[in-house]
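There are 2 protein chains.
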Amino acid sequence: MRVLILGGDGYLGWPTAMYLSQRGHEVAVVDNYFRRRASTELNREPLVPVPNLHRRAALWEALSGRRVKVYIGDVCDYPFLLQTFREFGPEGVVHYAEQPAAPYSMMGHKEALFTLTNNLVSTANVIYAVKETDINCHIVKLGTMGVYGTPNIDIEEGYLEVEHKGRRHKFLYPKTPGSLYHLTKAQDGDLLYFYCRIWGIRVTDLNQGPVYGIVTDESQQDERLFSIFNYDDIFGTVLNRFLVQAVAGVPLTVYGKGGQTRGYLNIKDTMACVELSLRHPAAAGEYRVFNQFVETFTVNDLAAKVQEAGAALGLKVEINHIPNPRLEAEEHYYNPAHTGLLSLGLQPHYLRAAVLQEMLQLVMKYKNNIDKNLIQPAVKWR
Amino acid sequence: MRVLILGGDGYLGWPTAMYLSQRGHEVAVVDNYFRRRASTELNREPLVPVPNLHRRAALWEALSGRRVKVYIGDVCDYPFLLQTFREFGPEGVVHYAEQPAAPYSMMGHKEALFTLTNNLVSTANVIYAVKETDINCHIVKLGTMGVYGTPNIDIEEGYLEVEHKGRRHKFLYPKTPGSLYHLTKAQDGDLLYFYCRIWGIRVTDLNQGPVYGIVTDESQQDERLFSIFNYDDIFGTVLNRFLVQAVAGVPLTVYGKGGQTRGYLNIKDTMACVELSLRHPAAAGEYRVFNQFVETFTVNDLAAKVQEAGAALGLKVEINHIPNPRLEAEEHYYNPAHTGLLSLGLQPHYLRAAVLQEMLQLVMKYKNNIDKNLIQPAVKWR
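Just so you know, the sequences run in chain order A and B.
Be aware that the first sequence starts at 1, since it is given in our numbering, and climbs by one per residue.
Be aware that the second sequence starts at 1, since it is given in our numbering, and climbs by one per residue.
Some clues are possibly wrong.
One copy or two, it doesn't matter: identical chains are merged, so the pair holds either way.
Listed below are the simulated BS3-like cross-link pairs for lysine-lysine, each with C-alpha atoms no more than 27 Å apart in a straight line [said to hold, decoys possible]:
#, residue 1, residue 2
1, K170, K69
2, K165, K316
3, K257, K170
4, K69, K165
5, K365, K268
6, K165, K365
No lab work stands behind these hints, which were simulated from the structure alone.
This one's a predicted model, so the numbers in the text were calculated from it and none came from an experiment.
Chain A with its partners taken away, still in its complex shape (with noise of 0.2 Å):
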């Protein structure tokens, strides 16, 4: 299948890359190194230094025997998007070219402002080029679990039934996010499921929960195939963060009390569940929604267990709990459904003892590489 990647120099989108070109996918990459201009402008940069893309892509086809395409752009830019999609051909495309991270939503107007637009009109773009393109061409969008909020009844896996007087109907779930960053990322959920509706497009939305992990059987072949792994308090997710705080020395940044459960997942899993869905892809018209985790932990459980795979590498791992920089519940009913990407034969990665002392002794090759400064939460919600 012909795939295009947009944002293919992220945190997912390399490691995607290889993983569908490796099960012989034709693979093209699309990305405007936004992520790396805001990673050194913000001096917010990886543990390990990572090569750019034309480099990575020589190095693959070095390694692998296969190529992945290179187009750097902007997918806000339509009609450098439109002569990729032209050129390319794409049968199904994976947009990740989001701005990703919550904090850096919050930072202030400039922020925000980027965020909004640069989320919302490479959506629309997307959407754009598949109907002049191809209506057929599959579009899998990262989406974010984050886009639910914490509500006090189940969530459903994208669809809510409401009955209300007597009557039912049947509605996208609502949402309650808690950033403007994941606000957008319902937002571009809204467009595409509009487009559905009018022009009969095929849509995943992927709801995933925070990933963790630093390697994929592709990318650790070859440090300079890692993926950008942040461990700040901008781009890092929570539990990659708390593995670095504990090679590191410093207690783990907890915010408030650590009751806030999210469901969670091994970047292998994002990958596996990426392909699934280009291989199902949703029938015309199709607004189909994944929740993409596999276990639920609340931020406690996961500091509790850092530290006792820090311990049994000895490792000791302190635990602090820190003023909340954001807002949200620190304790809350969650129970999110997640079957879809199971029913599609996902094989899940589970958070064992084992996969935390791997990656925390991957971590430990590159202690020196370190910042310590970069651990403690800059940007406030209010």
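Following the hints, put chain B in place on chain A, whose structure we already have.
Below, chain B without anything else, positioned relative to chain A:
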């Protein structure tokens, strides 16, 4: 009260300015003349030519002795908006500065992107300007009943209490908009609701039904103070279109079966609703939603009423069911709540025969201005 009206040149903006000014409020208007430019570029000129804002403000001052301050600029230009907020210091801001036409938003990529970015960036800028200058400044945003679509259950006023698997949660009422324009009006509401939760801003969202009417008590004193009154397929609302078609001797263009039911209101009631909202502001952190209409009709009801009112004036009005350019249910359940504004004291104007005849007579005065080429719908959803 000092009230800043964004989109002060528009169909609702200018009469709102005069209405509030007449009642002793200190009023300033902001506009970038987008709607005028688009009307000219698309050859959808209003029925009655309208002088620019500076001239209308001068006319109004000569007539009433009251001053309306004029700022020409773009609400999407944040430095301009911030400077305007700083200079004028509004206690309330009425946000009409959005691209208001569903057909415009469905014309093509350029118009879609303009609608999306203009409507969301303008709203984000208003939120930031309020936070930056006076967090208590009350934002009154014009919404639309069209955000709800036509669900098979009652439409409540803003929120929906859901019981699901034995647990309960109150959600913002889920939206199923029928055009990109309507979608952006759900998305701007989501933005406002989010910053109510995070920063405690005060917001009233007026989910308005289609408005009809040409003059208000203030504008009827001089035709140069009239609203921008569009009767075309892009910017005209349905009843206003029918009035002009009746006078022009063109069959009324009922889209499809004509069973589409909506809640309607007279432009005079819009004025009253906005002032009532301003005089009774939302609490800090409250995202207050009013469903702003006074009675529901099907399109067939409206056509029949115009036919009858026309007959009384000697007009032979024909009704034509034409293929629906939109994608919408043409027969559906519709029972929206609308008690909020009545409880604040709204005294509704109803669509009586005399009201229709008065409007028809006014249109007849300008019969020679009617361009019959603007009557058949040119923009299709699909």
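Hints and how they fare:
no., hint, in the structure
1, K170 to K69, "neither (42 Å within a copy, 48 Å between copies)"
2, K165 to K316, "neither (57 Å within a copy, 44 Å between copies)"
3, K257 to K170, "between (35 Å within a copy, 24 Å between copies)"
4, K69 to K165, "neither (55 Å within a copy, 49 Å between copies)"
5, K365 to K268, "within (21 Å within a copy, 72 Å between copies)"
6, K165 to K365, "neither (61 Å within a copy, 49 Å between copies)"
Hint compliance for this structure: hints 1, 2, 4 and 6 are broken, all remaining hints hold.
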